[in-house]
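Each chain, letter by letter, is given below.
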Amino acid sequence: MKSQRRVTAVALVLLVVLFAGSVASRRQVDRLRGTESTLEDVLYLSSGKTVKRFSLGYSSLLADIYWTRAVQYFGSRHMQHSYRYDLLYPLLDITTDLDPNLIVAYETGSIFLSQKGPEGAGQPDKAAALVEKGIRANPEYWRLYFSLGFIHYMDRHDYKAAHDAFLKGSEVPGALSWMKVMAARMSEKADDPETAAYLWKTIYETVTDKDVRGTALLHLTSLHAEADIAGLEQRTRLYRQEFGAFPSSWSDMMRAGILQTIPLDPNGDAYKLSPDGSVHVQDPAKFRFLINSQ
Amino acid sequence: MHAIEIQGLSKDYRVGFWKKKLQPALKSLDLTVASGEAFGFLGPNGAGKTTTLKLLMGIIFPSSGTASILGQHYLDPAIKKKIGFLPEQPYFYDYLSAPELLGYYAQLSGMPAQERRSQRIHAVLERVGLGDTGNKQLRKFSKGMLQRVGIAQAIIHDPEVVVLDEPMSGRDPLGRHEVRELMQSLKDEGKTIFFSTHILSDAEALCDRVGVIHKGELRGGGVVNDLRSNVAGKSEVIFEGAHGVAKVADLLSESHVTGGTVRAIVRSSDLDLLLEKLRQQRVRLIAVTPLQGTLEDYFLSKTSEKTESEAVHP
Amino acid sequence: MTSRLSAITLNTFREAVRDRVLYNLVLFVLLLVACAPLFGQISIGLERLILVNVGLSSMSLFGVIIAIFVGIGLVSKEIEKKTLYTILARPVRRWEFIVGKYFGLLLTLIVNTGLMTVGFYIALIITAHQLTRADALLLVAIYFIVLQFMVMVALTLLFSSFSTPIFSAIFAFALFVIGTFAEDLKNFAALAHGATKWLASAAAYLVPNLASLNVISQIAHEHGVSGSLVLMNTIYAVFYSAAATAAAVLIFERRNLK
Ligand SMILES: Nc1ncnc2c1ncn2[C@@H]1O[C@H](COP(=O)(O)OP(=O)(O)OP(=O)(O)O)[C@@H](O)[C@H]1O
Ligand SMILES: [Mg+2]
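Chains as they are written, first to last, in our numbering: chain W, 1 to 294; chain E, 1 to 314; chain G, 1 to 258.
Here chain W stands alone, though its shape is the one from the complex:
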């Protein structure tokens, strides 16, 4: 029937146009609200316990949602090279209130929190508090002690506390024996590059978040370069002892038999040799955590 077909055609066209309109206006709404407006709700929540009470038994589902929000928030801030991560701790706190057994939220979340900006929120005290909360809820999970020790060592520089954390972790049944080794190193060798490299390597191997892994890798390459540079500078001093002046190029040193090949950094670029005998990396941007990289 004609009129029925007309109504169908009109309704179909309207449906398409109106839905397109809804998508367009939805984008505008999203733009006006910004990506973080949903997250800001956490600022109005007095505690995750209240949220849990209202979640009607679906708290672990809600915890997953909040964890996703935290990751998303961290990722977007990280990408903007921001130094402000105001919502991160409230998000993580509510996540772990909702599901106290969500280990990843403590392990990865504490690294988000503890690192200095722009890699992280620069809130190592809150990070330590978060992990301690995790340990209270999951005392049998020894790797949380590793996280705690890591934060104390790397960001809080509290070697005593780091030692205690590793030691306590090593006493948990099932803990791997290197926890005890780490505990011993904490008191002996503060600021030891080898220890730092070992810790970052563990982070790199256990954490799955790609931002954190990226940072860990940066730390590892920087540490590697630092060791290389220390060795090379020792050889340039050796060269001066023998020839009375610093070498002007790597080939000088190769001719003198001090080096076999031109030394390359972990990225495959040649190290730069300065006239004063100091050694640098080609591209300091790739070695953000190198001390005195300039």
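In short, the hints are calculated from the structure, not lab data.
We treat Cβ as the ideally placed atom computed from N, Cα and C, and that holds for glycine.
Here chain W is said to cover these stretches of chain G; the calculated rule only asks that three of the stretch's residues, wherever they fall, bring their Cβ under 8 angstroms from a Cβ of chain W: (1) 89-95; (2) 183-194; (3) 213-222; (4) 227-234; (5) 245-252.
Simulated pairs of lysine to any residue, SDA-like, Cα-Cα distance not exceeding 25 angstroms: (6) G:K81 to E:D172; (7) E:K81 to G:P91; (8) G:K197 to W:V17; (9) G:K81 to E:F141; (10) G:K81 to E:P44; (11) E:K20 to G:L257; (12) E:K140 to E:E100; (13) G:K81 to E:R139; (14) G:K258 to E:G65; (15) W:K210 to G:F188; (16) E:K136 to G:T83; (17) E:K20 to G:K258; (18) W:K210 to G:S201; (19) W:K133 to W:K168; (20) G:K77 to G:R255; (21) E:K136 to G:S6; (22) G:K197 to W:R31; (23) E:K140 to G:E78; (24) G:K258 to E:V15; (25) W:K160 to W:P139; (26) E:K215 to G:K258; (27) W:K116 to W:H81; (28) W:K49 to W:S60.
Position chains E and G with the ligands against the provided structure of chain W, taking the given hints into account.
Chains E and G with the ligands alone, transformed into the frame defined by chain W:
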């Protein structure tokens, strides 16, 4: 001009949850109802009466075929002002009173002016015998009262064609009589009435013409008086021996052979002659029954016939 | 057309009111009254906050419940009781029926919310002994709640145009819950890759964005809402609900009614 003209209307229902099968409920119906006529649509339960009326009202859509009402396409919204419809077992908005309900329907039918509407509502309620229900809500109405409300809503906008699905069902004998009177008066006003029923006496009393539908097929129909005389003064003869039929064929007005058994209709005046001839052929007689000459006989004879498809595959 | 539409709208409203749908108002007032002693016990600053949160949240929740539970019956009840037959036998187009039903239920909800708003402001005056400019802001949150109803009524009507009441209720409620997390869905789409990303973005635009229509906590803390967001949200709600209604019409137009 025909008031209603149905051309090849068919409806297959889809049944089953997963693999939907088509189940025919109406098979290519052709039917006309003349203007000003009362037409009875007869058929046993499940024959396809309601299906036909729902198709005609645009409540369901046909698998094929079309229809016109008062010369226009039956789905044309404009034509619907001139149609009144009473569904089978009607049930209305629980929380409205009868005048409110009729007011709503009057407005939907495009009746003008509030005050003319309320006069009309009052008159129609009087007419169906519900003049005194006041503000009582419909959920407090009895079944019979609801049926009256149903008829009232079908005629509130003074339609030219009134389509009623089983208007007499759910009624006590008195109520049935009242409905019959009401339909008669509508007919006297010159309205076309198309109604379905399986109560034959009602059709007999009211209708000019009837159509008999069975298993989705129109089996017969015509002017009521013809149909009646068709069977009046006739007898049904049942005998065994199909070989005898040929010799007496000129005496029979109808005959059906199933296996060795023959069922034949014969004018009562020819009955003696037929029986004599059959006796000569040594045919075994089983029964002789004089037919009453009511619509019921016609109806029964039509609905007990096998369908074409059944005749082919017994 | 307009007279038929308004007849269907008003009849839907009248039915809902007589079906005691508005009785939830009593519950709402009782809730506010029951909470009153509670407000007294909590320190000064929090009284208003809790009243606003309880008041606005229950307005929204009651409304959505009505939208779903009345909405699922709007079409199916008329089919079941065959009242729709007597309507379609009149010069009423099927789309007029759907649109009239939509406005009827929306009208019911607007009246319901209006009455709740009055009760809510009375409670506010009783607790705070005065009204401030911040209290006028609350009207924005209430307006957004009405926008939510626009969307939910349209969705419920869409489901009830082809499904049974139970399934319609389940679908509508599920979409309500997902819609509350609409922005998370979108963020998830941003994080995902490949087909998952594609599906998640499609889903993010298909579900109603109820997250941006819920500004209760923001308003309760006296944070304002920008005028352009009010405008954009209005446009969004109109487009979305109109699209859902068009889909309902599309389905209903060709449907064989039992
Ligand atoms: N919605 C439907 N789905 C599937 N089959 C149906 C449907 N409605 C009717 N039928 C079938 O179609 C056939 C005709 O039904 P219809 O209701 O038209 O009969 P009727 O003549 O009105 O019978 P009654 O006198 O009992 O009212 C029946 O076999 C019925 O089972
Ligand atoms: Mg029937």
